[in-house]
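Required output: the full structure, derived from the provided sequences and hints.
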Amino acid sequence: GEDVEQSLFLSVREGDSSVINCTYTDSSSTYLYWYKQEPGAGLQLLTYIFSNMDMKQDQRLTVLLNKKDKHLSLRIADTQTGDSAIYFCAESIGDYKLSFGAGTTVTVRA
Amino acid sequence: GAVVSQHPSWVICKSGTSVKIECRSLDFQATTMFWYRQFPKQSLMLMATSNEGSKATYEQGVEKDKFLINHASLTLSTLTVTSAHPEDSSFYICSAPGGGPGTEAFFGQGTRLTVV
Chain A
206 GEDVEQSLFL SVREGDSSVI NCTYTDSSST YLYWYKQEPG AGLQLLTYIF SNMDMKQDQR
266 LTVLLNKKDK HLSLRIADTQ TGDSAIYFCA ESIGDYKLSF GAGTTVTVRA
Chain B
92 GAVVSQHPSW VICKSGTSVK IECRSLDFQA TTMFWYRQFP KQSLMLMATS NEGSKATYEQ
152 GVEKDKFLIN HASLTLSTLT VTSAHPEDSS FYICSAPGGG PGTEAFFGQG TRLTVV
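Read top to bottom, the protein sequences are chains A and B. In this text, residue positions in the first sequence follow the numbering used here: the first is 206, and each later residue adds one. In this text, residue positions in the second sequence follow the numbering used here: the first is 92, and each later residue adds one.
Because the hints were derived from the structure by calculation, they are not lab data. If you're wondering where the values come from, they're calculated on a predicted model, not measured in any experiment. Certain hints may be false.
Simulated restraints on C-beta separations [stated by the list, open to error]: (1) B/155 <-> A/218: 16 to 22 Å; (2) A/224 <-> B/178: 32 to 38 Å; (3) B/157 <-> A/257: 37 to 43 Å.
Cut-off 25 Å, straight-line C-alpha distance, at most; resulting in silico cross-link-like pairs (PhoX-like, lysine-lysine) [said to hold, decoys possible]: (4) B/146 <-> B/157; (5) A/275 <-> B/132; (6) B/157 <-> B/111; (7) B/105 <-> A/302; (8) A/302 <-> A/273; (9) A/302 <-> A/272; (10) B/155 <-> A/302; (11) B/155 <-> B/105; (12) A/241 <-> A/272; (13) B/132 <-> A/241; (14) B/146 <-> A/302; (15) A/261 <-> B/146; (16) A/302 <-> B/111.
All C-beta atoms in this analysis are idealised placements derived from N, C-alpha and C, irrespective of residue type, glycine included.
This is the structure we're talking about:
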């Protein structure tokens, strides 16, 4: 079955970089995703990476994929207070379905 | 980009009553929609796949008589929580498939259900 795991909490100082890690189990996943959820809100797609890539950069966001170890990470450069949220790692499991991790709560402190 | 709208955003109901949650694709058609449930501090769990014109497909462990899904049109899917109990209190989110790479799913804003 599908199983996505990620650390539950991360505290980071404003201006520093945040790194959120995730491991997944389905090696056939075509895409891997990072979603952001602010309190009481739905999910916002932050970025995604195709499984044959090992890195993708999108402004302050950098995604690294180690397919051999099934490890995915999201780096947020120059973390701001508006980046405080829950970040979900997700893998595609076919037919437009997604399997999510439990989410990492990122708290940005001044 | 494509928009999925969910209504209501939050609802409080008494035990034993039923609650209907709507999920609409606003500017595109969706023959398939997905319903997820999220408990506090936990991930989203896929409950069921809603299919326009046919029966929904439920994930293992999800009671289909408890969570009624109707996909009445190409832009609307509804989830009805029947005879709600406090343990049904949760955050329910729907999604519709996207059209290509990186647009695997468009999510609604979610519905916070509290059963008292």
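query: When you check the alpha-carbon spacing of residue 157 of chain B and residue 111 of chain B, does it fall within 25 Å?
result: holds (12 Å)
message: For residue 146 of chain B and residue 157 of chain B, compute the direct alpha-carbon distance and say whether it is at most 25 Å.
response: At roughly 15 Å apart (the allowed maximum being 25 Å), residue 157 of chain B and residue 146 of chain B satisfy the hint.
25 Å limit on alpha-carbon distance, applied to hinted pair residue 155 of chain B and residue 302 of chain A: Holds: residue 155 of chain B and residue 302 of chain A sit about 19 Å apart, inside 25 Å.
query: Are the Cα positions of residue 132 of chain B and residue 241 of chain A separated by 25 Å at most?
result: Given that 25 Å is the threshold and the Cα spacing comes to 14 Å, the pair holds.
- prompt: Does the alpha-carbon distance linking residue 302 of chain A and residue 273 of chain A stay inside the 25 Å limit?
  reply: holds (23 Å)
- prompt: Okay, residue 155 of chain B versus residue 218 of chain A on CB: inside 16 to 22 Å?
  reply: Violated: the Cβ-Cβ distance is about 48 Å, outside 16 to 22 Å.
query: Are the Cα positions of residue 146 of chain B and residue 302 of chain A separated by 25 Å at most?
result: Holds. Residue 146 of chain B to residue 302 of chain A sits at ~17 Å (cutoff 25 Å).
Whether the CB-CB distance between residue 224 of chain A and residue 178 of chain B falls inside 32 to 38 Å: holds (36 Å)
- prompt: Does residue 105 of chain B pair with residue 302 of chain A here, judged by a C-alpha cut-off of 25 Å?
  reply: violated (32 Å)
message: Checking one constraint from the list: CA of residue 241 of chain A to CA of residue 272 of chain A, max 25 Å. Satisfied?
response: holds (23 Å)
- prompt: Is it true that the C-beta distance of residue 157 of chain B to residue 257 of chain A lies inside 37 to 43 Å, as the hint says?
  reply: holds (41 Å)
query: Keeping to a limit of 25 Å between CA atoms, is the pair of residue 155 of chain B and residue 105 of chain B held or broken?
result: holds (21 Å)
In the structure shown, a violation is registered for the earlier hints numbered 1, 7, 15, in ascending order.
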